[in-house]
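My numbering numbers the first residue of the sequence shown as 1 and each following residue consecutively.
The hints are simulated quantities; they were obtained by calculation from the structure and are not laboratory data.
Hints are all accurate, no fakes.
Pairs of lysine-lysine residues, derived as BS3-like cross-links and limited to a Cα-Cα distance of at most 25 Å, are as follows:
id	residue 1	residue 2
1	K805	K671
2	K779	K860
3	K928	K250
4	K39	K928
5	K439	K482
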Amino acid sequence: MNKIFTKIIFMLFVLLATGVGAYAQSIVVSGTVTDKATKEPIPGVSVTIKGKTVGSSTDAKGQFAFTTTEKPPFSIVVSYIGFASIEKEVSGNAANLTFELESGAILGQEVVISASRTPERILESPVSVERISSAALKELPAPSFYDALNNLKGVEMSTQSLTFKSVNTRGFNANGNVRFNQYIDGMDNQAPGLNFSVGNIVGLSELDVDNVELLPGAASALYGAGGTNGTLLMTSKNPYQYQGASFQYKTGINHVNDNQTSQGVQEFKQLDVRMAKSWNNKFGFKTSFSFLQAKDWAATDTRNFDRVARQLKNGDRNSDPNYDGVNVYGDEISQNMINVSQSVQNQTIAGIATASGGLIPNIKNTMDGAFGAMGVPATGAPSAAQQAAFLAGLPAALRPAVQNYLPFYIGLRVPGLLPNQFVSRTGYAETDLVDYDTKSLKTSTSLHYKFNNTVEAIAQANWGTGTSVYTGTDRYSLRNFKIGQYKLELKGQDFFLRAYTTQERSGDAYNATILGTFINEAWKPSTTWFPQYIGNYIGARAGGQSDVAAHAFARSQADIGRLMPGTPGYETAKDAITSKTIGPANGAKFNDKTNLYHYEGMYNFSSLFNNVVEFQVGASYRDYFLHSDGTIFDDANRNITIDEYGAFAQLGKKFGDKFKMTVAGRYDKSKNFEGRLTPRVTGVWTVAPNNNIRASFQTGYRNPTTQDQYIDLAVGGGSTRLIGGLPESINKYNLNTNKAVTEASYRAFLASVAGGTPNPALLQAYTFDAKGLRPESVKSFEIGYKGLATKSLLIDAYAYYNIYKDFISGVNLYQNPTTTAVKFSVPVNVADQVKAYGAAIGLDYQVGKFNFNGNTSYNKLTDLPANFDNNFNTPEWRFNAGIGSREIVKNFGFNVQYRWQDAFLWNSTFATGNVPSYSTFDAQVNLKVPSVKSIVKLGGSNILNKYYTTSFGNPSVGALYYLSFTFNP
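Work the whole structure out from these sequences, hints included.
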């Protein structure tokens, strides 16, 4: 039914496109824009029809062209940052127009598309929107345009590695951010097996970026599921406006004065190439290539983390037998000394009973009687001579087993000798497990054909591979990770039809936490290591050593022969484990080959109604084909597909020159969940020329991710199992019948055990919501102002209030808590509403040759529901400020950006802890060489080299200094 629905919608679009194309006669507006003083062409200039949303921007040669159904006479508005805007009336021929711009301050004239899915001046946007133009991209001090997003108003970023960064706005930041959508040329850039974008690992190359637009907050009414906390849209350059060959080579260094690793200063290299050509403004071709190579930032936090209480605790490997380092893996495997001793005792009793043919049914009782007869007190330890005498009386075949059992027998017999203490295995540092040789290779090729001045066909292929590190429930080494996106599109002035697929391949990616655990297990299984440790501990304590000394001795003996990083044995085990898949193969490697297929179309009827009203409709259909062979999803023995479809409509009307109102709504349906409607209402009031007040009510929602629905994965070295929240997953592990208990009650029970008086009554069973896992939704209320206080000062401010319903969080549960507890982590909906609010203000000021900017944002979580696991993960206050000049003296420019953010709590499934406040400077100076169409740039990020972290458990980030040469930027 869904596919039939899609075909009908698309056929309707084709018919409408054909009919309206014949109905509406269009004309071409074209021309050239140059600098009046230098006569040089100016790229990136905004050219629009006054009072309309129709327009374009100039290419590298200063040329522009666009089509319109407007009939002359009309006025053309030409504007560009740093130049005074001009207007020219067109009454006859609209082709080959010429404009000369003079230097002067002009702000707020950029044209955006994302806010309403139709072109409009950024000053008149009905919702908050941020934009980086192609001209501004050249002036950025950050090493890449993606890094520079952090300087936008209200934007925060989680840096998990040099190339993997997650963008977010308005709270609930995450390492893999499922509440933030990212699009490249209209394609959802998410990795379908993860349901979030992998930073810019597979994105646009620096030379191919035309503009970037960012929508803070909800946008589901126009863009569908996801994006409840923001949407990022990146648009590449087309081959008609941006022709020729370009290249950029960037070299630099990082890890300067890096005291956390021993690798010293490391080299950073990046090469970008782009070529584009069009013939007769009909056929166009472009291709781009980018390759980056560097040594990644290292996660080296060795502080002690309590995974039950979800907080840091005192101690290190030498002082805490149950030490678990934040970025140390393999030490998550932990056992209680008494429980292990009891297990050894039970196994020995059963083994001796079998070996003796039932003559010794319970060796413990036999030993109690024998030692009692020798005069040993019931709670005393037999002497070495008494032990030897007892062993001598046993059949020779039974003596080794009983000899091995004796320390555990004594430990359980003598009060105070064996503590109620958990002990963890010795782990490996992340630096010894993860591949830090970061690489990123991106390619994009597209073919374009214009049937006429308004209709264009595009075939596009984006492909990328890279090695990076991602933080989920564990740390994952994304080695040779690959994503391909392949698109066919037909678009015109008023419509588009688009079909694309995203093909994800995990390559050689592996789970670093599981790797650390399995290296230990390959060398010595835990079933051997823990008894050795405890037996040696008891022997040392019985010999008079202190508790601390006994623990140190026990670990030294149990770790004899342990595989050490760098040795052949270690490397052999590491290679073997990372080459085998997670699951029955007992490996650490993922085998994800999940694909996404997406089809969508949109039609803008505004020209049909002579732009009296703006009316748009659109529809989309999507299929996920999950394929992990049981290494991520519960798909070892079945195929899993998820289909989603939806449609939207938007109606806008301008009332005079003062007020514009827009109403939109979208309906979406996903396979496993009920359909839902997401409305949106916006209004823009022009209180004075170039001064607008905006207000909006928006709704957003996101379906539970593919992993929320179907994951079935052991993490934490095997100590925790992540499962989907659908009823079938709950029933698979009998969590409705053999109920698990809450984490808080399990901690209380463990405390009672530690106190010597186990109290099972403390355990509280968890009952899953009968309605099952549901999509999460948000209602967002926003009011804002954007305007020119003077022609040199632009002010943009907003305040918002968000109400989340059915917020998707997680719950940790323990099944069989009084015996061998099994930990599950399950996504569930929070019963009560979750509320957040915030505000931001930004200023842009131009004086002479200088541009000043500054912004600050505030975000706050309020009315926390009971038992809500607070993962707001956002500083209350952030502040950015900058100063720059495109040309402070002839051909020389500079830009400096300062960023500060407050301390805050970071809570994720990986770890929980406080992230300290930090501040950082990015800066660049550049020299333009017009004679060879080149720019030389010297710059750096975090130039003062003050190492900081953006999220708990992730690496510390230092300075990156670079020198770049760009030809034909």
